[in-house]
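> If you're matching them up, the sequences are chains A and B in order. Quick note: the first sequence uses this note's numbering, first residue 1, plus one each step. Quick note: the second sequence uses this note's numbering, first residue 177, plus one each step.
Because the hints were derived from the structure by calculation, they are not lab data. The structure displayed is predicted, hence computed values, not measured ones. We treat Cβ as the ideally placed atom computed from N, Cα and C, and that holds for glycine. Heads up, some of the hints might be wrong.
[As the list claims (entries may be wrong)] Per label pair, the in silico range of CB-to-CB distance:
#1 Glu227/B x Ser159/A: 51 to 59 Å
#2 Cys212/B x Arg86/A: 37 to 45 Å
#3 Glu206/B x Gln8/A: 51 to 59 Å
#4 Ser252/B x Arg167/A: 34 to 42 Å
#5 Gly195/B x Tyr163/A: 15 to 23 Å
#6 Leu297/B x Asp145/A: 51 to 59 Å
#7 Ser85/A x Glu247/B: 15 to 23 Å
#8 Leu297/B x Arg40/A: 51 to 59 Å
#9 Ser108/A x Ala210/B: 30 to 38 Å
#10 Met1/A x Asp204/B: 48 to 56 Å
#11 Pro201/B x Tyr163/A: 19 to 27 Å
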Amino acid sequence: MDDLSAIQKCLAGDWETFRHLVEKYQARAVGHALAIVGAREDALDAVQEAFLDAFQALGRFDTGRQFYPWLYAILRNRCFKLLASRKRLEVSSLEQSEIQTEILAPSSRLSPEELLTLEQALLALSPEDRELITLKHLDGLSYRDLAEMLGVAEGTVMSRLYYARRRLREHFTLVR
Amino acid sequence: MNQVNCENVCLAAMAVADGEKPLIPAPDIELHLAQCDRCRADVEQLQAFIELLNAPRRRERTESVWRRVAESLRHSGKARTVPDHWPWFLLLGLLLAGYRVIVAASDWEPSILFKVAPVLLAIAVFIFLRENPFKVNPGLQARISSRGDL
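The following block holds chain A by itself, in its conformation from the complex:
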């Protein structure tokens, strides 16, 4: 079943068809949420809330667009809301694993130590920087795709990416 048929069935009242969309996109959504919020449980909460928001807003979904970019906009909104509420509570719960990376997959080109150092440096960044860097490098998005996904101009993407990478490099050198 394609996304559009699933959405149309949901809108017709067959809400269990929404399962198709959840199961198709949950892994990608959890990965993206984790890159923003930095903690697995928070990421799962944000993804759950994002899917619920999406279900409620399905009637407003523009069928000419793809589903995931639309869901991603809802998801990042949920992630930043979650982070804002966490700030208000003055709780920092970044899970910096000492044995295993959560965001980065093992790579043959990096040693486990380098990978862990890189992930720790990523977690030391602001959520906005972390989101941008991971979308660029882990998903391989172009400046145009990033601009569309984040709702900013391409020039802004370039400039933000430049400074985010500089900050990441500083953290990487420090942690090393």
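With chain A's structure known, arrange chain B on it following the hints.
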């Protein structure tokens, strides 16, 4: 075209390293880098770092959120089930109602309305609620089965 200064040259060199079109022509970038030691060192470090960042992939996730989403939808009352075969139940209801009307019409009395009205009302309620009265509740079925096992 953007002004050729240290910041813009570094941004443009980064765009080139990312495979994007720079805002400053390549010869201008090269000329600036040849003359500015600080920018050259910065760009070299950045290029090496971009290569390092391109090495890992995103860790694949296996968590499932469907159960949590489905529970929330059920509790919030946003979810309403419409079985695909509901028109068949509607047809069956109409046939039963029609049969009842035909049988009752043979000995027509005003009291027939009191006999037919509850049936029609029940059908209307099920249609309005979009519920299938013949659907087996899986939870209840499981409980009955487990009692049977005992």
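> Work down the list of hints and note, for each, if the structure agrees.
These are the hints, each one checked on the structure:
1. Glu227/B x Ser159/A: 51 to 59 Å: 21 Å, violated
2. Cys212/B x Arg86/A: 37 to 45 Å: 42 Å, holds
3. Glu206/B x Gln8/A: 51 to 59 Å: This hint holds: roughly 54 Å between Cβ atoms.
4. Ser252/B x Arg167/A: 34 to 42 Å: At roughly 41 Å between Cβ atoms, arginine 167/A and serine 252/B fall inside 34 to 42 Å, so the hint holds.
5. Gly195/B x Tyr163/A: 15 to 23 Å: 20 Å, holds
6. Leu297/B x Asp145/A: 51 to 59 Å: 57 Å, holds
7. Ser85/A x Glu247/B: 15 to 23 Å: 22 Å, holds
8. Leu297/B x Arg40/A: 51 to 59 Å: 52 Å, holds
9. Ser108/A x Ala210/B: 30 to 38 Å: With a Cβ separation near 36 Å, serine 108/A and alanine 210/B satisfy 30 to 38 Å, so the hint holds.
10. Met1/A x Asp204/B: 48 to 56 Å: At 52 Å between Cβs, range holds.
11. Pro201/B x Tyr163/A: 19 to 27 Å: Once the Cβ atoms are compared, 23 Å apart, the range 19 to 27 Å for tyrosine 163/A and proline 201/B holds.
The structure is inconsistent with hint 1 alone, although it conforms to all the rest.
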